[in-house]
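So the sequences go chain by chain: A and B. Once you know that position 119 of the first sequence is 119 in the numbering used here, the rest is easy, because the numbers rise by one and skip nothing. Once you know that position 329 of the second sequence is 329 in the numbering used here, the rest is easy, because the numbers rise by one and skip nothing.
Hints are not guaranteed to be accurate.
SDA-like, lysine to any residue: derived pairs with alpha carbons at most 20 angstroms apart [stated by the list, open to error]:
| # | chain 1 | residue 1 | chain 2 | residue 2 |
| --- | --- | --- | --- | --- |
| 1 | A | Lys130 | A | Arg143 |
| 2 | A | Lys130 | B | Arg215 |
| 3 | B | Lys108 | A | Gln76 |
| 4 | A | Lys81 | B | Lys239 |
| 5 | B | Lys333 | A | Gln133 |
| 6 | B | Lys239 | B | Gly69 |
| 7 | A | Lys132 | B | Gly193 |
| 8 | A | Lys130 | A | Glu118 |
| 9 | A | Lys60 | A | Asp24 |
| 10 | B | Lys108 | B | Leu266 |
| 11 | B | Lys108 | A | Lys60 |
| 12 | A | Lys132 | B | Phe184 |
| 13 | B | Lys108 | A | Arg17 |
| 14 | A | Lys132 | B | Pro111 |
| 15 | B | Lys333 | A | Glu118 |
| 16 | B | Lys333 | A | Ala134 |
| 17 | B | Lys333 | A | Thr94 |
| 18 | B | Lys108 | B | Pro213 |
| 19 | A | Lys132 | B | Asn188 |
In short, the hints are calculated from the structure, not lab data.
One-letter residues, chain by chain:
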Amino acid sequence: MTEPFLIGDAMTGGYGRGADILHDCTIAVNPGEIAVIVGPNGAGKSTAMKAVFGMLNIHKGSVRLDGEEITHLSPQDRVAKGMAFVPQTSNIFTSLTVEENLEMGAFLRRDDIRVTMEQIYDLFPILRDKRKQAAGELSGGQRQQVAVGRALMTQPKVLMLDEPTAGVSPIVMDELFDRIIEVARKGISILMVEQNARQALQIADRGYVLVQGANRFTDTGAALLADPDVRKSFLGG
Amino acid sequence: MIDLLNALVVLSNYVLIPALAYGSQLALGALGVTLIYGILRFSNFAHGDTMAFGAMVTILVTWLFQGWGISLGPLPTALLAIPFGIAATAVLLLTTDRLVYRFYRQQKAAPVILVIVSMGVMFVMNGLVRFIIGPNDQRFSDGERFIISAREFKKLTGLSEGLAFKTTQGITIVTAVIVVAILFWFLNRTRTGKSMRAFSDNEDLALLSGINPDRVVMVTWLIVAGLAATAGALYGLDKSFKPFIYLQLLLPIFAAAVVGGLGNPLGAIAGGFVIAFSEVLITYPLKKVLGYLLPDRFEPNTLVQLLSTDYKFAVSFTILIIVLLFRPTGLFKGKSV
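One chain only, chain A, in its complex shape:
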């Protein structure tokens, strides 16, 4: 088996000096793929993703990006390596305009960012109309678009989303998922934590079901949806 593009391999660790939250947990994603982490509350879904992004201490296991060991890099350094992270909350600059939010996303870039910005406006046309408006004045779904747009401004190879559909309506959720598929088609790896397991697994190339910080089921999204055990325990029958 070839090594995946990004892999958090057998990660064990927790926040600071606290107890371990993850136990031998493995998460991986390939270019153009969507990997989804699902599981019950408190299963360590977000924690697993934050571990991949370097926001907690892993004392066993490793994280590798394109074959390169990045276990001990800070989140900021991982951004420079081509990873982008959209936190679940406070993921936009509310007092800045939409356009300034995108500019700040591209802060590390020294080249012309206008092409990327146009691409993001093409992906989320509503943001083009609201580009001079303060991001804090937008609706929940539009804010999530700004958040994803800001992360995409670095032209990342991996986009990590922590519950992108939390608190938005079902229609907006479908719309967001469509956009995420579109981003993946451009060859970007997507790693996503989702509360809406059924919908998320429908678009997932890989699904990870975590329970108590460990992998319980790992398969393609479709296979997990068809698995009677998974359906019974996690998807409500």
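Given chain A's structure and the hints, the job is docking chain B onto it.
Okay, now just chain B, sitting in the frame of chain A:
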């Protein structure tokens, strides 16, 4: 009609123009406080003495220039010296940050600890200023004293009341407008300025976007040095320079920043003028103005001074309390204290 004009002139002479100049000085001071609050996330009690330090260096350089015979003609020589005051203040603030604040930042100290730390810095700076220039009054203004004097105004208009417009007041207002315009251009149009606003808005996300926190902090201190030294020098030029006055200025400056909404630059400016106008209007005896406006029968036989000037700080304090009670985030939406 003439009575109305006379009333207006008296009011302008004793209230509007002085309050406009004082408000500009407070606004510049409050902008510094509000920037530090927004980006470094603490209330900097050393700000008044930072202003005193900037003013002191400006005075020393002014004296040097006056000794060399350099002057600006009708304008005060101090204008030439302000850039040196700013540079020295920048060095002082960056050194303080390096020696003191950086340590507490790395410890991720709570804001209240940083406030106490800034009080310590305040005492040190205050001592430094008094050690170098002494605790006494210093005068350093030269050049033309008035843009228009009361006598000239009377002759010009034929009104019985005079209007004096001091050069220092004019310079204060013009400088404040220029400084504020540059500051807002910087914050809203430049990459570094926007990154400062982003850092103030959401520190974690700013870090995720690759904004360098050390650089933001450094640029903030540089801007604060510019604002503090300018405000301090203008205040000293307009009134007079006395180290302890700057310690007392801290209250109206903080009141201005809080009234406008801490962390909000626009609010700091509005707050500065609200405090200045309230303070001047409430402590000014309105007898003369009312004498012109009201019919003779109603002419007040007291001074109609709502509060003695000795109590002028009570005005800032009262406004501060009212705002904190009813609108803790200030007139413009800032962070709550």
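A quick look at each hint next to the structure:
A distance of roughly 11 angstroms separates the Cα atoms of Lys130(A) and Arg143(A); the hinted pair therefore holds under the 20 angstroms criterion. Annotation: proposed proximity of Lys130(A) to Arg215(B) is violated, straight-line Cα distance about 30 angstroms (limit 20 angstroms). The hinted pair formed by Lys108(B) and Gln76(A) meets the criterion: a straight-line CA distance of about 18 angstroms does not exceed 20 angstroms. Restraint check for Lys81(A) and Lys239(B): not satisfied, since their Cα atoms lie roughly 56 angstroms apart, outside the 20 angstroms limit.
For a cut-off of 20 angstroms, the pair hint linking Lys333(B) to Gln133(A) stands: about 16 angstroms separates their Cα positions. For a cut-off of 20 angstroms, the pair hint linking Lys239(B) to Gly69(B) is broken: about 24 angstroms separates their Cα positions. Proposed proximity of Lys132(A) and Gly193(B) is supported: the alpha carbons are some 17 angstroms apart, at most 20 angstroms. Between Lys130(A) and Glu118(A) the CA atoms are separated by roughly 14 angstroms; this keeps the pair inside 20 angstroms, and the hint holds.
About 8 angstroms separates the Cα atoms of Lys60(A) and Asp24(A), which keeps this hinted pair within 20 angstroms; it holds. Annotation: proposed proximity of Lys108(B) to Leu266(B) is violated, straight-line Cα distance about 28 angstroms (limit 20 angstroms). Proximity of Lys108(B) to Lys60(A) is assessed by CA-CA distance (about 28 angstroms); at most 20 angstroms being required, the pair is judged violated. The suggested pairing of Lys132(A) with Phe184(B) holds, with an alpha-carbon distance near 17 angstroms, which does not exceed 20 angstroms.
At most 20 angstroms may separate the alpha-carbon atoms for a hinted pair to count; Lys108(B) and Arg17(A) meet this at roughly 17 angstroms. Between Lys132(A) and Pro111(B) the alpha-carbon distance is near 33 angstroms, which puts this suggested pair outside the 20 angstroms criterion. Simply put, Lys333(B) and Glu118(A) have alpha-carbon atoms about 32 angstroms apart, too far for the 20 angstroms limit, and the pair is violated. Pair hint Lys333(B) plus Ala134(A) holds up; C-alpha atoms about 14 angstroms apart against a cutoff of 20 angstroms.
A threshold of 20 angstroms between alpha carbons decides the hint, and for Lys333(B) with Thr94(A) the separation of about 12 angstroms falls inside it, so the pair holds. Restraint check for Lys108(B) and Pro213(B): the C-alpha separation of about 13 angstroms stays at or below 20 angstroms, so the hint holds. Restraint check: the Cα-Cα separation between Lys132(A) and Asn188(B) comes to about 12 angstroms, which is no more than 20 angstroms; the hinted pair holds.
Hints 2, 4, 6, 10, 11, 14, 15, counting from the list given before, are not met by this structure.
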